[in-house]
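Residue numbers (the numbering used here), protein chains in the order written: chain G, 175 to 516; chain Y, 175 to 516; chain X, 175 to 516; chain W, 175 to 516.
Derived by calculation from the structure, the hints in this document are not laboratory data. Heads up, some of the hints might be wrong.
Intra- or inter-copy, both count: the list cannot distinguish identical chains.
Cut-off 16 angstroms, straight-line C-alpha distance, at most; resulting in silico cross-link-like pairs (EDC-like, lysine to aspartate or glutamate) [what the hints assert, rightly or not]:
#1 510 <-> 479
#2 304 <-> 486
#3 219 <-> 439
#4 398 <-> 296
#5 217 <-> 427
#6 398 <-> 305
#7 257 <-> 278
#8 300 <-> 483
#9 300 <-> 490
Number of protein chains: 4
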Amino acid sequence: MLTFESDYTTGCTPEILKAFEKTNLEQVSGYGADKFCASAEEKIKAACNAPYAQVEFICGGTQTNQTIIAAMLQRYQGVIAAKTGHISCHEAGAIEYTGHKVFELPQVMGKLQAKDIRNFVEIFEKQDAKDHMVFPGMVYISHPTEYGTLYSLSELSQISETCHEFGLNLFLDGARLGYGLMSYQTDVTLPDIARLCDVFYIGGTKVGALCGEAVVFTHNNRPKHFLTMKKQNGALLAKGRLLGVQFDTLFTDGLYFRIAKHAIDMAERIKTIMRNAGIPFFLESPTNQQFVILDNDTIERLKKDVGFERWEIVDEDHTAVRFATSWSTTNEDLDKLEKLLK
Amino acid sequence: MLTFESDYTTGCTPEILKAFEKTNLEQVSGYGADKFCASAEEKIKAACNAPYAQVEFICGGTQTNQTIIAAMLQRYQGVIAAKTGHISCHEAGAIEYTGHKVFELPQVMGKLQAKDIRNFVEIFEKQDAKDHMVFPGMVYISHPTEYGTLYSLSELSQISETCHEFGLNLFLDGARLGYGLMSYQTDVTLPDIARLCDVFYIGGTKVGALCGEAVVFTHNNRPKHFLTMKKQNGALLAKGRLLGVQFDTLFTDGLYFRIAKHAIDMAERIKTIMRNAGIPFFLESPTNQQFVILDNDTIERLKKDVGFERWEIVDEDHTAVRFATSWSTTNEDLDKLEKLLK
Amino acid sequence: MLTFESDYTTGCTPEILKAFEKTNLEQVSGYGADKFCASAEEKIKAACNAPYAQVEFICGGTQTNQTIIAAMLQRYQGVIAAKTGHISCHEAGAIEYTGHKVFELPQVMGKLQAKDIRNFVEIFEKQDAKDHMVFPGMVYISHPTEYGTLYSLSELSQISETCHEFGLNLFLDGARLGYGLMSYQTDVTLPDIARLCDVFYIGGTKVGALCGEAVVFTHNNRPKHFLTMKKQNGALLAKGRLLGVQFDTLFTDGLYFRIAKHAIDMAERIKTIMRNAGIPFFLESPTNQQFVILDNDTIERLKKDVGFERWEIVDEDHTAVRFATSWSTTNEDLDKLEKLLK
Amino acid sequence: MLTFESDYTTGCTPEILKAFEKTNLEQVSGYGADKFCASAEEKIKAACNAPYAQVEFICGGTQTNQTIIAAMLQRYQGVIAAKTGHISCHEAGAIEYTGHKVFELPQVMGKLQAKDIRNFVEIFEKQDAKDHMVFPGMVYISHPTEYGTLYSLSELSQISETCHEFGLNLFLDGARLGYGLMSYQTDVTLPDIARLCDVFYIGGTKVGALCGEAVVFTHNNRPKHFLTMKKQNGALLAKGRLLGVQFDTLFTDGLYFRIAKHAIDMAERIKTIMRNAGIPFFLESPTNQQFVILDNDTIERLKKDVGFERWEIVDEDHTAVRFATSWSTTNEDLDKLEKLLK
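Bound-form chain G, shown alone:
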């Protein structure tokens, strides 16, 4: 069946399967101490233009968020996130499970605002009872956000400056980073992110890998004994090569960017198809997730032939739904979608 349910409905980009085959019999050490991870690290550092970065590979997104946040916060600190941030609502309390509070700030189109962060921290700092409160220690943003939206370079710079003015680490969740970087409407590059954030990750699972996220500590700031804490979080794979081979492949000859660009192209065509079909957008997304409003009858009718995700109830008769593209979306898929919407 035709589906746009998510960007993780198919397997991985074929180059990865080829790399698995090619390297399968090479014998390497476990736990990330292998040449594939080492090579992937070098390529990622180069792509980030961040010679002092350190790269770590972790299997999935929630695990990455949990492991990074718990390793970088002091015990008395919490993390600031948008009310709609992934860690705020869709990770089953994985951050709180490690003992840390998530401060939920308002969002605009899924994005935190530098002024809201500043305001929050300034109010905190003025409290007489400050020592009875959780200290803000980190800011978590995602790029693209839950709504597929993007920070502009100016917004990201302001957030970065605000964080560093107040001694907060800035952590960017890039589960879908490729789509953000290849959007037609962004002025933010990978080196910008490496320069402005303290830590971020380059998502693999949702951008063409079978699994895996590449965490970048941008300025030689990986916490001491990180491997032990990673293990303690259950995030250390025995066959570290599984992640090394994938990221080494994705960062060879620009594959990561190429497949992300393809998904963006497909998403742009979806926009056109929707617009032509007179379907209103729930919000303007410049990335691979497109949110439109359908009436519930149309949803029932379409559901038989095409997969998509219900996102939010708009009113009694209408629902916002999401169509996502990926490396494996084809023009033939879109032709079919176009026909169905007529």
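Go by the hints and put chains Y, X and W onto chain G.
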């Protein structure tokens, strides 16, 4: 110096000191298995009109909140509280430290609204991704609230009904419960609370004891192995008598209510004094905490002679401040305050 | 280079790569709700002869142990393990990180004894201060153990009976289960394990998969809201198919058992080679890990040509070392080893 | 009834009650920022001969252990204790509840040996897989131990040297410290402890107070943001004066030492009584807890008239029992005991 800084600036009601002296040489077992705790439990059950209640004593408020919430929630559950609730902002993340999320809902005068709880849970229930989210398992309210305000019987009943409709435990933090019960403007009684809540506590520390809170599980619903979990939270005292003797005294001949009533009378006189001095109220509080707005010059002047707490910045020139009364506030104190405000 | 360093030095059995390719473009839902996981579950239930079992897939071993133990224990309970158990010493405190104590019992050749478990629980039950102690709630064993040794059916039955007599869950860590089942010297079958344990896992990472462990709740006893707790532990993969495809392949036409058998055959030949070379065994292992004692000069010499793991210091001049085989070990590898040892 | 069940069966030394009365109406700030705490801190620093020490007051023993250990350990570290240590077995897993492992080492008469600590750490340091293990970060000892025994100055010095050689913090649990210091058979002084340990506490609950333990960070090494972490552990009292007044009293005119000395004198007389009655000792205790072996018939007979604690089963017919003295034990009590034993 004259101070209205809080309701815990002095020691305890003299009857408690007398009881300590009287019982000092009696030899009893430790860890709460003593006759004072047993007697206090019976008296509290009677005062609550709750024959199937179980009573536990814990030393302080944050510890009580942490111990109760962590013992009653399942691992995948969180607790709903007002954004201004004590557990939300003034307990240094003690709830998250035990692994549980605090869902922060909007408040009106420090109070949660039944309709907001309903709305929150209904939205949760409708989520496709519900299993990726923390499950609401409990509602936490305080009575009086952080702002000294009170739930009406009708409001409390609605919250109770909403909780039970959705299978949520209702937990009432009564750190200042006495003042709530003796307010001139309440229709809520202790038996009402015992009937409507699943668990609540009767505050001692802020109502005339040296320390201690009496937790009431209202309907034979104390969690299995509660003593062990209490110990695990560091909340089990070897000399359990310390709490037993105090609560036995407070619940003998209505002492708890009498000293709370005295503090309310004093607070009502503060209201009159403030009104007469033309000082505006920050909000209408029917309990022992009175919040007024002072200009910053007045604050500087007064500060030399009288203690009070800065509560919230109102504007550049004005600050909301709190005056609290207790069992030990005297009319002489208020005469002095009246003079200072002239 | 020739290496016997571990059973995870190479990639995966080629059938898995083929299955990845074959299924790569099939579109399925995420988070384990895909047909590959469903099919793998059915095949595993059949292989276990456990129609009421429930199967869950998790990426790695430590994560599996942490997720299972934290989900099955009550908050006031701990888990019993051998002093040499993986959770006791080689998981960086991942169990304690979730708040639970590991009770370390003595071991014989890496194995727990039913009588030691009984003794431990009986002493616990007799304590006056029992409620001030962690309650034993689960027994954790591994099969094969850290030392490659195996429980006999009689030993396993006794442990199972003891556990169930005292209301403890029995959890078997089968990170290397295939090698245990295909050992020349075992009388324990997969259905035996499913019958005697409450939960266990069939290791993939160390038995021919790229990653993944298949957890079997043997009698419809998967904890309520397990998916949410799995997510909370960071153990829920978006592309659940990664694990489903692998286990579906491993449990098709007995592949799992076939590759495990191959590793055992290779290990048996290593035994012969060692014996012929006059090298003493550190202990008798019936599985794919062989432990021998080498003098340190020999270690230095061999190290240049062959990889193996230093295991334990025996005396100043001798060290116990481990040689492990896997699906990818070949007779040519062993010919080389034989030559090197001469 | 006559009882020697524990050293916390009665209330507190009368001087404390007097101090409560005297200070009851003095108005002070909350959370430990009061003059009583300040004065107690100075007196304790003087008694310790430790001008750079910092003193914190916490309500009970388990809470103190939990708060100190969790505040001083890094996330990847655990604490070393005797297998019979209080944190190892009688705190319901309070340490593990904060995420940290307790390494249980063998004990001799309740005491850790410097050589066992050294051995444990040296083995840890030599592990290839060290990063997959919990790092030892602290050593916990109690003085007196669970068995009433004491470290000699030489033993304590050796442990201290070993700890500091390996960068471990040394934490001494002094729940019964007074009895250790006033033993007839000790060469360890309070300044010795302050000089040799990094942190320790002076027990109040079991040495004449109603509650409270005074934690001494010996060399200006209180962890940053300790107040916030204390609050997070539920260990911060609103009426901090409760602890300040008690410790200020106990450390005025040597009261703490005087009442401890009295209990020791009483314990020495118990020794004589037991010896004269031909009752064998379970072990030689130089402090206020005396352990003797009684046959079970005698236990049944005595139980009607005198309280004591069953400690350990010796054989089918005999049990080790504990008799404890305290500030409130009288010669009349001992006369009665003597008569009963005849």
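task = Could you place residue 398 and residue 296 in one of the four classes (within, between, both, neither) given a Cα distance threshold of 16 angstroms?
result = neither (30 angstroms within a copy, 21 angstroms between copies)
inquiry  = With identical chains, the pair residue 304 and residue 486 could be close in the same copy or across copies; at 16 angstroms between alpha carbons, which is it: within, between, both, or neither?
reply    = Result: close only across copies, 13 angstroms inter versus 37 angstroms intra.
ask   = How do residue 257 and residue 278 come out at 16 angstroms by Cα distance, when the copy is not named: within, between, both, or neither?
value = both (5 angstroms within a copy, 10 angstroms between copies)
ask   = Between copies, within a copy, both or neither: which fits residue 219 and residue 439 at Cα up to 16 angstroms?
value = Close neither inside one copy (27 angstroms) nor across copies (44 angstroms); limit 16 angstroms.
inquiry  = If the cut is 16 angstroms between Cα atoms, do residue 217 and residue 427 qualify within a copy, between copies, both or neither?
reply    = Within. Shortest intra-copy distance 10 angstroms satisfies the 16 angstroms Cα cut-off; inter-copy 41 angstroms does not.
inquiry  = Within a copy, between copies, both or neither: which one fits residue 510 and residue 479 at a CA-CA cutoff of 16 angstroms?
reply    = within (9 angstroms within a copy, 59 angstroms between copies)
key: Intra- versus inter-copy proximity for residue 483 and residue 300 (alpha-carbon distance at most 16 angstroms)   = This pair counts as between: shortest inter-copy Cα distance 14 angstroms, intra-copy 44 angstroms.
Intra/inter-copy verdict for residue 398 and residue 305 if alpha-carbon distance must be at most 16 angstroms = between (26 angstroms within a copy, 11 angstroms between copies)
query = For the identical chains here, do residue 300 and residue 490 meet the 16 angstroms Cα criterion within one copy, between copies, both, or neither?
reply = between (44 angstroms within a copy, 13 angstroms between copies)
The structure fails hints 3 and 4 (numbered hints given earlier, in ascending order).
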